[in-house]
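*Asks:* Listed below are the residues making up each chain.
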Amino acid sequence: MDKNGGWQWEITANLGWFRINLKELIQYKDLLLRFVRRDIIASYQQTILGPVWVFLQPLFTTFVYFIIFSRVAKIPTDNIPPVLFYLPGTIIWTYYSDCLTATMYTFVQNAYIFNKVYFPRLIVPLGYVLFHSFRISIQLILFIAVYLFFAIGGKNIHPNADMLLIPVFILITAAFALGCGLIISVYTAKYRDLENILQFVLRLLMFAAPVVYPASLIPAKYKLIFWLNPLTPLIESFRSAFFSHRPLPLFYLGISMATSFLILLLGIALFNRKEIQIMDVI
Amino acid sequence: MIRAENISKYYRLGVLGSGTLKEDVKNWWYRKSPESLSTTSLSRDHIWALKNIHFEVGKGEVVGFIGKNGAGKSTLLKIISRITLPTTGRILGKGRIASLLEVGTGFHLELTGKENIYLNGHIMGMKKKEIDRKFDEIVDFSGVERFLDTPVKRYSSGMYVRLAFAVAAHLDPEILVIDEVLAVGDSEFQKKCLGKMKSVSGEEGKTILFVSHNMQALRSLCDRALILEKGEIIASGAPINVITQYLKSGKEQFLGNDYSLDGFLPGNEFIRVQKVELLPEYLDHHEFIDIRTPLRIRFEFWYDVAEPGDLITGIHLFSFAGEFIFDLPSKRYTLEKGLVRGECLIPGNFLNDGSYYISIVFVRNTTIRLFYLESCLSFDVEDFRDNGSWFGKWAGVVRPDFPVVLTPQLNK
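Protein chains in written order, with our numbering: chain Z, 1 to 282; chain R, 1001 to 1412.
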């Protein structure tokens, strides 16, 4: 018999702040994978091109950026071929924004399930992030294909060993997006107005990160605040890994990583504390 | 095993929306001040869905919860299922628990039947290996094997429900919590599910908590029943006693009226009705009417007609849906002026379960309607079945008990 006189579980009025039950999460591993599978299958049902869209979306976006920011606005791209320049930023940014947008609607979108059955709610946002991770993996393959195409074409590009860190950059992006998403999800469930504001904030955030312009364009006096954005060192490092011999901005990468994981921890704690209470107000 | 201690739950009433932020700030502010909660708007805008619920369910016990809509049954099941939190109290439990508050939770319309079996199974807490093992059984149970690779959006609603039920029926927890899910599906399939449920509780020693309006199911499946009323448990005990108490308390029957007591006798110059009564001849000392109960109808009226002639009374029985069940005339009587008593016996095993009302018509010389006493009696007939493996609604207006005999014939 264990400490509670033989009782194995307990339901009480209050959930603690840190009751992240890893064992329980692992028990629901099958559900997590099934959610990812569901989203993959469902997103390409009744589309003619199916999974090809995963490739086409970043290509289209890059093409638009190329026309507007490179050709029309003539923003420099650090001497990198514009298409190659835009792809990493687009891929990382889209990943961040997709993960965030998906996870922040966790409660609103899944209320019909959450109202009928219990499982650790964290499974759902984790599933969203995994689903988008699957997409970004495919997009990386696309990127490498385009990259090789340019490399064979004899363009002035400098691959280096930092490339091996790309998965780490993606992991940090995921942590940052999931953390933000979890925190926001708790509040959008109650105050739907937030959704409208967030669309706007996201758009601003994109231009605050070096997605369509190089970091070198930022004036010195704004440099610190610009680099404190966790996405900035991630996108810049991604580029320099493929295009230059510049050393990685390790200091800012460290800050980015610390910030992201701090936000993630905060998000998980808040989410876990509120996950059931929220069902009464949704 | 489950033990609930002092469970209460309040809900905020009214529309949640534009006002929530303001209200939250207000609540937060008041909570800071010492004269908190109960004195402010809280008491007015909140409702206690459950109040101090205590109960204990032993291993292998099947417990049914009865109660009207809004009595708190579903809230209680939701708390046990960890979908919503109690405001006070705690629930302790032992054993893997699964809740069936709905069948087919999380079904995705774009996915095939096969994918949905896995998806729904995982959502209900089954592991992949477990579903792999039971997959054929589930498919067999559902009867949709031909459509396994078709997206469920192409399913008929019947097929959809069957598939959903099939997964649910193969859950294998130690504690099963079931809300009124048996109300869907065709009767044959319902029978199959209840049979499955019965075998689950009986043979495998599972603990089951369930809510139902189906008295038949409660009577034959439960070891114990509890009545919830306005968020409190008001009775608990052997199903038959608890169900009796529930049926007696809940119904608005109108089993008789002695009009002389309030001095106004309905009628006209020819007929004045003094009294109408329905006298059920209760069986087993349970004071409610079920399909076996003979019903005696008795009425008294003053008859006042100067010229000679004859009188017929007719008893009209209607279902509450308004169907005219029967029109039962008396013989033709030539009566003197004065008080008359009428009486009639509706035998047991005649009416099907349902709600009924009675009107009485008084007719002179077969054609002249003297008076029509409309809906003077109303009553409910409860279902009763001896051997229950099926609990669906028994079809038909009447429910006779004529013997049907099968005799094997020799083949030539």
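Rather than coming from a laboratory, the hints here were simulated on the basis of the structure.
Wrong hints could be hidden among the right ones.
As the list claims (entries may be wrong) - Over 10 Å on every C-beta distance to chain R, these chain Z residues come out as not near it, computed from the model:
(1) W7
(2) I11
(3) L31
(4) I48
(5) V54
(6) Y112
(7) L130
(8) A208
(9) L266
Stated by the list, open to error - Below 30 Å or equal to it, Euclidean Cα-Cα: the simulated DSS-like pairs (lysine-lysine) are:
(10) K29/Z x K1230/R
(11) K1128/R x K1114/R
(12) K29/Z x K1331/R
(13) K1153/R x K1059/R
(14) K1393/R x K29/Z
(15) K274/Z x K1331/R
(16) K1129/R x K190/Z
(17) K1094/R x K1275/R
(18) K274/Z x K1051/R
(19) K1128/R x K23/Z
(20) K29/Z x K1275/R
(21) K1275/R x K274/Z
(22) K274/Z x K1196/R
(23) K1059/R x K1114/R
(24) K1230/R x K23/Z
(25) K1275/R x K1196/R
(26) K1059/R x K23/Z
(27) K1393/R x K1230/R
(28) K1051/R x K29/Z
(29) K29/Z x K1196/R
(30) K1331/R x K23/Z
(31) K1230/R x K274/Z
(32) K1153/R x K29/Z
(33) K1059/R x K1230/R
(34) K23/Z x K1393/R
C-beta: ideal position from N, C-alpha, C; glycine also.
*Asks:* To test your reading of the hints: which numbers does this structure violate?
*Replies:* 1, 2, 3, 6, 10, 12, 13, 14, 15, 16, 17, 20, 21, 22, 23, 24, 25, 28, 30, 34
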